[in-house]
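Order-wise, the sequence lines are chains A and B.
First residue of the first sequence? That's 1 in this note's numbering, and the numbers climb one at a time after it.
First residue of the second sequence? That's 1 in this note's numbering, and the numbers climb one at a time after it.
It cannot be assumed that every hint is accurate.
For lysine-lysine, the following BS3-like pairs were computed, each having C-alpha atoms within a straight-line distance of at most 25 Å [unchecked claim]: (1) A:K198 x B:K221; (2) B:K137 x B:K45; (3) A:K198 x B:K219.
Because the hints were derived from the structure by calculation, they are not lab data.
The model shown is predicted, which means the values in this text are computed figures rather than measured ones.
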Amino acid sequence: MAAKTDLTGFRPSFIEKGISMRVFPLVNGAVCCVLYYCFAKWLPPSYLPACGWAKWMRYQVCRHMFSRCGKNVTVERKATFRSGREITIGDNSGIGENCRLSGPVHIGSDVMMGPNCIFWTRDHAFSRTDIPMTRQGFEPPRPITIGNDVWIGCNCIFHPGVTIGEGAVLGYGSVITEDVPAWAVVVGNPARVVQYRKENLEPCKETLNV
Amino acid sequence: MKRLVLCTLYYGFARWLPVSHVPGGAAFKWIRYQICRRLFAECGKNVNVESGAAFHSGRHISIGDHSGIGKNALIEGPVKIGCNVMMGPNVTIWTRNHAFDRLDVPMCEQGFLGDQPVEIGDDVWIGSHVIILPGVKLGKGCIIGAGAVVPKSIPEYGVAVGNPAKIVKYRNAGKTETKKTEPESAARERRQPPYSGVISQQGRVPTDKDMNEQSELSKKKQEEIRR
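So here's chain B without its partners, still in its complex pose:
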């Protein structure tokens, strides 16, 4: 009965309050936290449940200190979230699949396979529009890039991007060897073209002249490729 009242309060009212980072949003954050604290199986301190997040009754969700559930997130079934987890908007976490073994019965009548809980470790950064599939375990300190679809578990400190998510590097890889920060920053500078810098300094809409310059640049690049 208590859960029913809290669920009604959350899905009827608190879920539709504005996001927590607007001026005065701390009040909305507090209201959502006070409801979710009682809905979740385990709930740490200073948890930020953003506007529009849905997680059924919340009975199977445990979340650690200073973590967050992102805006418009959709969480189905048992999920264990660690401490210091950051989550972008529109994240979807699935914990069960449709059964589709038989061909004679429509898939919608075959029901579901069993729940496979998702575990998210401490200090994880999940980008926006990420889809996490059933049974996935995200290790401590890993990063999931925006728009990734995660079908398999990610080890500790892994940085995974793409669809399906592939590990591109490890955050702790450079620590034992040489400093990897310098070449990385240099690469970032190289990736940023002088064109965008010009626009940002002047703070204006790109004119036809700018765009012509850029198209000439791209033409030059194409010629280089041909050579």
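Same shape as in the complex, but just chain A:
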């Protein structure tokens, strides 16, 4: 009895802290990386009829790759995000088809993302002109943060370190160079605010009244 209690007392601390907390995520991450990039990435897109199993399979793999992963996350076909260790994603969010996340990206809940979006988290250094840019390396990475309830159109490009506020809408093909305030609708290259989804935030009306 005493040995058993010892074992039961010993086992959780060893297995949970020693193995599952340190070794398991790493092993899981590596295995899931191989599984994802060799297999799950190439499964059919989730929106096709009777392809919910592909979405489920990708979710089951990506759950272990992301540092935080909410419920009901949709990762579409051919999305790439390196090892996924620097990515957090909330509930009911999605990563679009053919999207590319290169570095730390924090995605909130209820985010919709179109295909072909690119998240750059670091720039090439180009301050010197005497040596080629290819040999100047990179600037330090700056994480991209996306709030809850954001709609990202297709072909959007994000510069390093931008923050997208809650409820923002990013138009098709917009290039986000600066932070987007909450509830804003932005379009264009470079992206500019064209309207706000909440009326009391709209600056144009106020100026008109004045």
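With chain A held as given, fit chain B onto it using these hints.
This is chain B only, laid out in the frame that chain A set:
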């Protein structure tokens, strides 16, 4: 015949290999390089042709040392690429336009205007999703921002962004005057809000509290604008 075999090898096999920056990607890079070396008119050393790039037969393409063709790039017709060129994904380079002078004939039956070769100089950085139009010359050391559409030539060391691409600054402008690096870095720090720093340090999904804080911040900004 040799070109036909090489083209079949490239478009049937090498083009679909994984990208070069994955672990073990050097082998794929090497395979693509060995095929493209024989397809291109001129090809320098250590050229990186990424996965999914298409360039017809490659007969009219010349590329210098240590350059790259980006992922899913589409190159149509004669293009001359210099040394040390970096190219992002989904870049499209057009070298001829449709003819559209006549109104009585559909445009699809009017054929094309002549080829206008595109020249890309040494040490150029081309961002992702860039579209380069026929006859454009990119000077030495210039930078094309992501998503730009380049209808006109860019001079040496120019930094061009937007649609249509406009020159926002020159890389060599600050060298003769005072140091421009310090105010630039200060501006970058100013642009990065404290909010994103908090998130990155804690490494978590932004909660409702964080987002409320941010919306309050934006409200304050709006009030300032009103004042």
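Okay, the hints, checked on the actual structure:
Of the supplied pair hints, the one linking K198 (chain A) and K221 (chain B) holds, its CA atoms being roughly 15 Å apart against a limit of 25 Å. At roughly 23 Å between alpha-carbon atoms, K137 (chain B) and K45 (chain B) fall within 25 Å of each other, so this suggested pair holds. Of the supplied pair hints, the one linking K198 (chain A) and K219 (chain B) holds, its CA atoms being roughly 11 Å apart against a limit of 25 Å.
Violated hints: none; the structure is consistent with every hint.
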